[in-house]
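Participant: Model the placement of chain B on the given structure of chain A, informed by the hints.
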Amino acid sequence: MGEIFNLSHVAFSYPMAEPIFTDLSLSIDSGERIAVLGVNGCGKSTLLKMLAGLIAPGSGTIEAFGSPVRLDRMRREEAQLYHQKVGYVFQDSDVQLFCASVREELAFGPLQKGIPAEQVMEEVEELAAGLGIEKLLDQAPFHLSGGEKKKAAIASALILRPEVLILDEPTNNLDPRSQTWLLRVLNRLSDEGKTLIFATHALDLVPHIADRAVLFGENHEICADRPVREMLEDKDLLRSVNLVDEHFHTHPWDFE
Amino acid sequence: MKTDKTDRTEKTEINGTGRRNAGGTNRIVGRGFLARTLMRFSELFENELYNNRYASMDGLWQAVDARMKVIVSLMFIVAANSSRSLAVLIGTGITAAVFAGTSRLNLRDYLRRVWKYLPVLVFVFSLPGASSWLIKGTPLLTIGPVYFTEAGLLTALRAALRTGDSLSFAFLLLASTRWADLMAGLSRMHIPDGFIAILNMAYRYIFLMASAGTEMMQARYLRTVGKISSAENRKYVGGAFGQLFVKVRRISEEVYQAMVLRGYQGTFAGAERRRLRMLDYLFLIVGAVILMILIIGGYIFG
Numbered sequence: 001m002g003e004i005f006n007l008s009h010v011a012f013s014y015p016m017a018e019p020i021f022t023d024l025s026l027s028i029d030s031g032e033r034i035a036v037l038g039v040n041g042c043g044k045s046t047l048l049k050m051l052a053g054l055i056a057p058g059s060g061t062i063e064a065f066g067s068p069v070r071l072d073r074m075r076r077e078e079a080q081l082y083h084q085k086v087g088y089v090f091q092d093s094d095v096q097l098f099c100a101s102v103r104e105e106l107a108f109g110p111l112q113k114g115i116p117a118e119q120v121m122e123e124v125e126e127l128a129a130g131l132g133i134e135k136l137l138d139q140a141p142f143h144l145s146g147g148e149k150k151k152a153a154i155a156s157a158l159i160l161r162p163e164v165l166i167l168d169e170p171t172n173n174l175d176p177r178s179q180t181w182l183l184r185v186l187n188r189l190s191d192e193g194k195t196l197i198f199a200t201h202a203l204d205l206v207p208h209i210a211d212r213a214v215l216f217g218e219n220h221e222i223c224a225d226r227p228v229r230e231m232l233e234d235k236d237l238l239r240s241v242n243l244v245d246e247h248f249h250t251h252p253w254d255f256e
Numbered sequence: 257m258k259t260d261k262t263d264r265t266e267k268t269e270i271n272g273t274g275r276r277n278a279g280g281t282n283r284i285v286g287r288g289f290l291a292r293t294l295m296r297f298s299e300l301f302e303n304e305l306y307n308n309r310y311a312s313m314d315g316l317w318q319a320v321d322a323r324m325k326v327i328v329s330l331m332f333i334v335a336a337n338s339s340r341s342l343a344v345l346i347g348t349g350i351t352a353a354v355f356a357g358t359s360r361l362n363l364r365d366y367l368r369r370v371w372k373y374l375p376v377l378v379f380v381f382s383l384p385g386a387s388s389w390l391i392k393g394t395p396l397l398t399i400g401p402v403y404f405t406e407a408g409l410l411t412a413l414r415a416a417l418r419t420g421d422s423l424s425f426a427f428l429l430l431a432s433t434r435w436a437d438l439m440a441g442l443s444r445m446h447i448p449d450g451f452i453a454i455l456n457m458a459y460r461y462i463f464l465m466a467s468a469g470t471e472m473m474q475a476r477y478l479r480t481v482g483k484i485s486s487a488e489n490r491k492y493v494g495g496a497f498g499q500l501f502v503k504v505r506r507i508s509e510e511v512y513q514a515m516v517l518r519g520y521q522g523t524f525a526g527a528e529r530r531r532l533r534m535l536d537y538l539f540l541i542v543g544a545v546i547l548m549i550l551i552i553g554g555y556i557f558g
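Protein sequence lines correspond, in order, to chains A and B.
Going by the working numbering, the first sequence runs without a break in its numbering and finishes at 256.
Going by the working numbering, the second sequence runs without a break in its numbering and finishes at 558.
Please keep in mind that the hints were generated in silico from the structure rather than gathered at the bench.
Bear in mind that the values here come from a model prediction, so they are computed numbers and not experimental data.
Be aware that one or more of the hints could be misleading.
[To be verified] Straight-line alpha carbon distances no greater than 20 Å define the calculated SDA-like cross-link-like pairs of lysine to any residue that follow: (1) A/Lys113 <-> B/Tyr520; (2) A/Lys113 <-> B/Gln513; (3) B/Lys503 <-> A/Ser45; (4) A/Lys135 <-> B/Asp437; (5) A/Lys85 <-> B/Gln513; (6) A/Lys49 <-> B/Val516; (7) B/Lys503 <-> A/Lys85; (8) A/Lys49 <-> B/Ile507; (9) A/Lys85 <-> A/Arg161.
[Claimed, not checked] A few chain A residues facing chain B, derived, Cβ under 7 Å: (10) Leu54; (11) Tyr82; (12) His83; (13) Phe90; (14) Asp94; (15) Gln96; (16) Ser101; (17) Gly109; (18) Gln112; (19) Lys113.
[Stated by the list, open to error] Estimated spans, in silico, between C-beta atoms of each pair: (20) A/Asp175 <-> B/Ala319: 36 to 46 Å; (21) A/Arg188 <-> B/Phe451: 57 to 67 Å; (22) B/Leu532 <-> A/Glu3: 48 to 58 Å; (23) B/Phe451 <-> A/Pro68: 30 to 40 Å; (24) B/Ala319 <-> A/Pro68: 48 to 58 Å; (25) A/Ala11 <-> B/Pro448: 40 to 50 Å; (26) A/Gly132 <-> B/Ala319: 27 to 37 Å; (27) B/Ala426 <-> A/Pro68: 52 to 62 Å; (28) B/Gly450 <-> A/Asn173: 27 to 37 Å; (29) B/Ile552 <-> A/Glu125: 46 to 56 Å; (30) B/Gly450 <-> A/Pro68: 32 to 42 Å; (31) B/Gly357 <-> A/Arg177: 41 to 51 Å; (32) B/Ile552 <-> A/Gly130: 55 to 65 Å.
The C-beta atom is built at its ideal place from N, Cα and C for all residues, glycine as well.
The following block holds chain A by itself, in its conformation from the complex (with noise of 0.2 Å):
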């Protein structure tokens, strides 16, 4: 597997406020199952932006694809090429679902790529197909469902065929059936080699989907980058970043 991701040294702070990061280094590899776990606040939404290119560091260096990006001074077709690759879903799904239907919703980004209109409506089909969401198509967002929301936002950016799938909390007012969906989506998304990151606090499903863990203290640093099950079976860790209270208990056998 290799390097998709590194980041080093990087610092970053949104304009009149304290800095989020001040020096963060992280490396991510091809194929990998990632969550960025922590409290409300700490910073998982902004690197996960960081890493799809909506924001750039104000120092260090972010390598992708072992390239340096700095997409503010990309050209056109450069930054079109990175966000091809790296698909993002948010955390509200109402902000990225902005079309009529869903049907232009999920075709609106090959269309941007100049591929022919019948093409891409042959692959729009194909693709709510294999997510079994062919009856949302013809529905107008607003009308859909917090769960169908997920799905059609979800639908819009493996319609680019990314390389890079992240998620910022992806499991976010979904029920049980739709979470399910979610993790059969994903896993199948990670057999067929995609690097999935997405950040969660949902720790009960997240050995489901990812091997490894990156936790994020209160003070905006990475204090622990481990396995998965490892991460979770330190309760103390987990309680010193206030991820979880002392009464919190989980079950090592949800996990094989």
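Facilitator: For chain B alone, coordinates are given in the frame of chain A:
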């Protein structure tokens, strides 16, 4: 104890709290300020559901391509607004009603939505301009020091009919066409993609805002116990709209980011192109013929 005559107890009932329900089937009962504000949000979704229900029916206008519907609607609207003939104006209204009937729209509902409010209001507000203050002549109707001439009343009537005719065709077009199809139609008519993108985004934001607004109002309602004065409610709604603005601004930034992540670089690539069928051409021809008959009738009957 001091009592305030403006105090009014909110007596609202909101059944269901889910977003989907908030989008259409929430029943809000009450006359308080909060209830009325909630009702406005709720009506927005109901209108959308109403349009979607009729757009999916099996009627004449639903079967026709959006491009032809836009052209025919514009033809009738332009004709009505440039004609002084009552025959043309009334004929256009009747034609729209017949079209509504053949498109399986509920006629009673159609007449209520189109003709009950706006044309009547336009007529009433046109009366001062149609009175003896501006139009002199032989009095037909006298109310105190003011009288109305036949020409004055006809002017007010024409304004009302033009409004009703324009509304009729706009209503027909929107009720019989899914938003996505309408936008695709406009795109095929070579309306700039940027303009269509703005329409689409605006349409999307309206529902995002309404949805967020409904939830904020419902949250407020559910925490309201006892008497709340109207002034308090207005104060809350003012604050809520500030919050809503901040929320929508954040959402709009993320929507833009989502677009960029899927390849958006400032211009929208066009959607699929559908060929016109015989029915579409027939519809255009029939529309044009009806319009010609109305215009000729207007010359004959005045």
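Participant: Now tell me if each hint is right for this structure.
Facilitator: The hints, checked one at a time:
no.	hint	in the structure
1	A/Lys113 <-> B/Tyr520	holds, 9 Å
2	A/Lys113 <-> B/Gln513	holds, 17 Å
3	B/Lys503 <-> A/Ser45	holds, 18 Å
4	A/Lys135 <-> B/Asp437	holds, 17 Å
5	A/Lys85 <-> B/Gln513	holds, 16 Å
6	A/Lys49 <-> B/Val516	holds, 12 Å
7	B/Lys503 <-> A/Lys85	violated, 30 Å
8	A/Lys49 <-> B/Ile507	holds, 15 Å
9	A/Lys85 <-> A/Arg161	holds, 7 Å
10	Leu54	holds, 5 Å
11	Tyr82	violated, 10 Å
12	His83	holds, 5 Å
13	Phe90	holds, 6 Å
14	Asp94	holds, 6 Å
15	Gln96	holds, 5 Å
16	Ser101	holds, 4 Å
17	Gly109	holds, 4 Å
18	Gln112	holds, 3 Å
19	Lys113	holds, 6 Å
20	A/Asp175 <-> B/Ala319: 36 to 46 Å	holds, 38 Å
21	A/Arg188 <-> B/Phe451: 57 to 67 Å	violated, 40 Å
22	B/Leu532 <-> A/Glu3: 48 to 58 Å	holds, 54 Å
23	B/Phe451 <-> A/Pro68: 30 to 40 Å	holds, 38 Å
24	B/Ala319 <-> A/Pro68: 48 to 58 Å	holds, 56 Å
25	A/Ala11 <-> B/Pro448: 40 to 50 Å	holds, 42 Å
26	A/Gly132 <-> B/Ala319: 27 to 37 Å	holds, 31 Å
27	B/Ala426 <-> A/Pro68: 52 to 62 Å	holds, 54 Å
28	B/Gly450 <-> A/Asn173: 27 to 37 Å	holds, 33 Å
29	B/Ile552 <-> A/Glu125: 46 to 56 Å	holds, 49 Å
30	B/Gly450 <-> A/Pro68: 32 to 42 Å	holds, 33 Å
31	B/Gly357 <-> A/Arg177: 41 to 51 Å	holds, 44 Å
32	B/Ile552 <-> A/Gly130: 55 to 65 Å	holds, 58 Å
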